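Generate the whole structure from the sequences, applying the supplied hints.
Protein chains in written order, with my numbering: chain F, 1 to 1139; chain D, 1 to 285.
Do not take every clue at face value.
Computed beta-carbon distance windows for the label pairs [unchecked claim]: (1) D:T11 to F:Q427: 48 to 56 Å; (2) F:D1062 to D:D283: 39 to 47 Å; (3) F:T226 to D:Q14: 55 to 63 Å; (4) F:Q236 to D:A41: 38 to 46 Å; (5) D:G71 to F:T389: 38 to 46 Å.
Straight-line Cα separation of at most 25 Å, DSS-like style, residue types lysine-lysine; simulated pairs [stated by the list, open to error]: (6) F:K970 to F:K902; (7) D:K249 to F:K959; (8) D:K249 to F:K1122; (9) F:K965 to D:K249.
In case anyone wonders, no lab produced these hints; they're calculated from the structure.
Fair warning: this is a prediction, and the values are worked out from it, not measured in the lab.
Note that the Cβ used here is the ideal one computed from N, Cα and C, for glycine as well.
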Amino acid sequence: MVQSSAHSGPPLPPSALAGFMAAVLAVILMAILSYQAQTRSVAAADAVTQGVELIVQIQNLLSSAKDAETGQRGFLLAGDEAYLEPFTSGKAAINGELDQMTRLTGQSPEQRQRVDQLRGLISAKLDELQSTITLKRAGKSEAALAIVRTDRGKILMDKIRVLVIDIENTDRTELAQRQQEWQRTAILSTRITWIGSIVLLVLIGAAAALVSRDYRARQLQSWLRTGQMGLSERIQGDQTLDSLGENVVSYLAHYLGAQVGAIYIAEGPDRFRRFAGYALPAQLPNETLRRGDSLIGQAVKDNRLLHLTDVPPDYTLPVNSSIGKSSPREILIAPASIDRTVHAVVELGFLGRTDDSQQQLLALLSTMIAVAVRSSKDRTRLEELLQETQRQAEELQTQQEELRVNNEELEEQSRALKVSHAQLESQQAELEQTNSQLEEQTRLLEHQKDELSKQRGLLGERAADLQRANLYKSQFLANMSHELRTPLNSTLILAKLLADNKDGNLTEQQVKFARTITTAGNDLLALINDVLDLSKIEAGKIDLKPEVVRLAKMVDEQSRLFQPLAEKRGIKFSATVLPATPETIETDPQRLGQILKNLCSNAVKFTEVGEVSLLVSATAESLSFTVTDTGVGIPENQHKNIFEAFQQADGSIHRKFGGTGLGLSISRDLAHRLGGQITLQSTPGKGSTFTLTLPHVLPTAKAGEPALDETGIRAAALAAPLAPHQRRIAPAQIEDDRAQLASNARVILIVEDDVAFAGILRDLAHELGFQCIITHTAGEGLLAATQFKPSAILLDINLPDHSGLGVLEQLKRNPETRHIPVHVASIADHAHGALELGAMGFAQKPVTREQLIEALGRIETKLAQRVRRVLVVEDDERQRESIRELLGMADLQITTVASAGKALEALRTVTFDCMVMDLSLPDFSGFELLERMQEQDGVSVPPVIVYTGRALSPDDEQKLRRFSKSIILKDARSPERLLDEVTLFLHQVEATLPADRQRMLKVARDQDSAFEGRRILVVEDDVRNVFALTSLLEPKGARIQIARNGREALDALLAATGREADRIDLVLMDVMMPEMDGLTAMREIRKRPEWKKLPIVALTAKAMQDDLEACMDAGANDYIAKPLDVEKLLSLIRVWMPK
Amino acid sequence: MDAEIDPTSATHGQRWEIEFRLLIEAIYQVYHYDFRGYAAASLKRRLRTALVNFECRSLSQIQDRLINEPGFFGLLLNFLTVPVSEMFRDPGYFRALREQVVPLLRTYPSIKIWVAGCSTGEEVYSLAILLREEGLLERALIYATDINPQTLAKAQAGVYDVDRIAAFTDSHQRSGARSSLSDYYVAAYGRAVFDKSLRRRIVFSDHSLATDSVFAEVQLISCRNVLIYFNRDLQDRALGLFREALCRKGFLGIGSKESLRFSSEAGAFDDFVPQERIFQKRDPA
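Structural data, given as structure tokens:
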């Protein structure tokens, strides 16, 4: 698999090496052969040249000889010396030519011999010629001629010719031979070249084939290795079986180019389950398979890779896409096994053809898959076992605990048994003694009991009789009055009709009669009502509804009623409450009114001259209502009777004055029911004084139902919050950049309904390098803000659909948008509201260009702000420096100040992200600093961490919690926590809440008048909840008072009673508290009548119905379950807050 | 045990199972006590004891009495809960609290502690004594909650058999005590009553980890040998409540045989003192 390393082995595979060596040898051989051929060829060519030259020389020699002869002959004939010239030149040339010939024939001795012969002949010839010439010159022409005639010259010449021809012929033969030889060597050389080239070509071809085969093998290896590596990466780590399968099959499909795949896991010796797939259709049969059935089963059984071509179209592994569906053309099924055990099977479907490499890889990978599956299985099992062990440990522990309990119980019982045994024995003796005594007494008692029961029976009968009689009476009266009223009613109406005399056909007398009938009828009706009333009171059937009644109001009512009546009768009526009287009384106001009305009306009725007065006074135990008149008075003996029904002083009086005469009886009975009485002092002729005395508090008062009307109140819903209703933002009426927003651009959202002004803003923003989105309504603005997430927003307040302040509030409430700086512009001065809601700036229209530029500039600074600032307020220098050291980190700017004054100053000038402060400061206390920070305008309040060495009382802590979420006491481990908290705040600042977080907590001093100025008592001991409630309710304008338990709540309520300014409007009551829990507290509150109507909302962590009912039973008006749902709590408070 | 209600035979076993579920459901429906998430094996064992005690032949009889007999549930509840506890149980746990958790608690101006499943209150008083010794009790508040009002009443009374005090004292000393346990109780008539001033800083309340929600933010929760009676889902719910109730980096102590490892909430806590099963809430930031 792995090639031996390049350093140790041969540089090339042996076959390639042999090829290369052969090539080198061939080239060397070819070079030698070519060289030799070449050399021979050159030699042959030289020889040819020599041959040719020789022939030329021979001709030259011959011609020179001839020239010499010609010249001699001319001279001999003419005797002119001039003819000798060819002879001398020929003679001169001949020697040189002969030398040449000797050189040219150097290699052939035969030829040389001939040349030497030739040389001899020529020189003989020349000598002959010379001799003739010499003779001629000497004038012996005949001698010369004689010599010529001897033919010696001719014979010489012929010999020369023959020799020359001989030489030439020999030379020509040699030349032909040499030429032939040269040709042969040339052909040989060409052949060598051709053969060499062919051999080389063959070698190159072989080498190429070898290299290519090697390369392919290498590529396959690398592909296989990459595949293995890829898979091993995918199966790394502690994966669950499912994710492992998912990874494996998707990787394989991807790497091998399969279109569909599945992986099965062995779940028993013979069962396989598909646990992951690649591009598998959702519903596929054969989730589990058995060994041996189906192809997969077969592959498992044989434990070898199955390659399937020409897959039937209904094969269970179809290739699906949203467009169509087809069957794969080929299928590979690979069992993954280790040690002959198959752990998983991979099935892959291909639309195209597969080749060996894929199978090879699959075979390689299957082992890895098997290992991974096995180890994952093992891991899962291990995990299960661990869990099981834990479960068992717990189970064991429960058993131990139970055993302990049983043990303890047994011990307890045996102890108790021992004790009781001893006691029993001693008691037994006593018992026996007393038993006899008792028996005696029992007999006696029995006798008495008989007597008693007899008498009780009698009494019971009587009582029953009485009750029956009374019931009959009441029923009779009720029936009677109804029976009486019905006819009386028609009588009254008809009599009235008659008295009106519309037709005018009645005499005056008749009209008067009719009037009398009406009056009498009305009297009768009043009488019937009174009788009924009286009987009800006597039967105890009236319900008293006690509540706190303001006396002044009561008296005013009477005065209003009787003043006019008295004036009409010409008498005076006065009503007074004495100064030392308490303001209120707790009684049934309706009944009290009824009594007073009756007394006053009697007094007015019976007084002809003088005055009637109502006076209210008090003693420690009771209140007195005194009605004094200057009327007829009542004789002493009548004093008692007048209170009895139908027994007035003068039976005729009521006829004179009107009325039924039952009023006093009713009044007296009512007074009794109210726990008081009516007394009378009177002298006939001088007048009477009726005094009603009532206790301050109705003695029979029971805890009643909360008096508030519950119907329909719960249905009261919150006003629907302003929400971006539109789904789409309408295009702006002027062009903006929304279509071409650059991804990294700073975008400003302009919410402005004035198109012209929006245009100005847009141009200005463009000038300063912002991109713009423009919307014209509040709804669109909100939508655009959430959709485009602009870097900043310019917001108008007067928008056509909603107020811009609403938009601002929504923006600041939505966690997605609250970090966006908003700059507000408006015609009206909304600066306070806007800034309070978290706007970063405000400009009043008309706005100058400079103001706008400044606003945009501020936005720019804000956007650029990255440095986070921490303010440390600490008077001790060493501490200050150590905190600075502790907190020192990159891009964190720490400002340290030593006094509260300096701190305020720093806060005014710079916006801090977080503040760490000590409580003891030289100028004023930390508390004061915090309060001033909240109050002062222009001071932005960062999250505060109180870091103090001072021990805090619970009250202090409560106070601090309003400003600071985090309080750290200086101690050994404090620095660690301080660092923690600061980091947390800074992190929050960065992640979610840029800068003005605290201001945002103040959210809306919104239109919610339900909270404005209302005082809410929060009874809760959990600081987290107190903080949450305070920061939720205070910004809405509510004043929050905190009590940490039921007892403090009662104290707070008590302290607030009677002081209108501190009146508590609503109580939020936690249930689980120290000292006095919420349920007890509510019961205590409801015991006091003046707090009966006080709305209480219980906060409970308990969820079951009966827990909630317990709250209601204890006197809560409503409840809300923890953890608190803010919106629900707010609506509950709105519902219950008295209007 | 009565041969007729032998739960080992199959049909009886099934019947027993049905009756068991019905009974648990009846308790939930009528009394709103949710035992449905409790570990069944333990509950069943305890119900078997109850059967013997109430001389009932079947759980259906118990169910009948439960629904129709006022006051019966109170008696049964004593069998369903396992009120076992002792002071300074596992002294090592308290030592770890004292040495490693308390120094961090010291940095909070007021300290809230929740003893969930306080049973008869021994652990609550142990914590109170520990805090007093460390000078923290006056600014601490301990919420002691349990579902059984009777054991809660016992806890509130703070009266224990004097025979147990010896063992308590020993454990107290081994927890790194700075004072004598006898400083905190008065013994008479075979009973020891614990100092009322300890109780001033303890709120006893009825609270169910199965149905109720978080009521306060606390820095330390001690809930030992309570989770063992719950099944996994209910354990997860309880641990979820603890996570919610704890402040940033608050502490959670559980029983020596309990583990967070398999809970879905395991990721919310870090080991703090692993050998004493004290965990710290993980900072999400």
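A quick look at each hint next to the structure:
{"no.": "1", "hint": "D:T11 to F:Q427: 48 to 56 Å", "result": "holds (49 Å)"}
{"no.": "2", "hint": "F:D1062 to D:D283: 39 to 47 Å", "result": "holds (42 Å)"}
{"no.": "3", "hint": "F:T226 to D:Q14: 55 to 63 Å", "result": "holds (59 Å)"}
{"no.": "4", "hint": "F:Q236 to D:A41: 38 to 46 Å", "result": "holds (39 Å)"}
{"no.": "5", "hint": "D:G71 to F:T389: 38 to 46 Å", "result": "holds (42 Å)"}
{"no.": "6", "hint": "F:K970 to F:K902", "result": "holds (23 Å)"}
{"no.": "7", "hint": "D:K249 to F:K959", "result": "holds (24 Å)"}
{"no.": "8", "hint": "D:K249 to F:K1122", "result": "holds (22 Å)"}
{"no.": "9", "hint": "F:K965 to D:K249", "result": "holds (15 Å)"}
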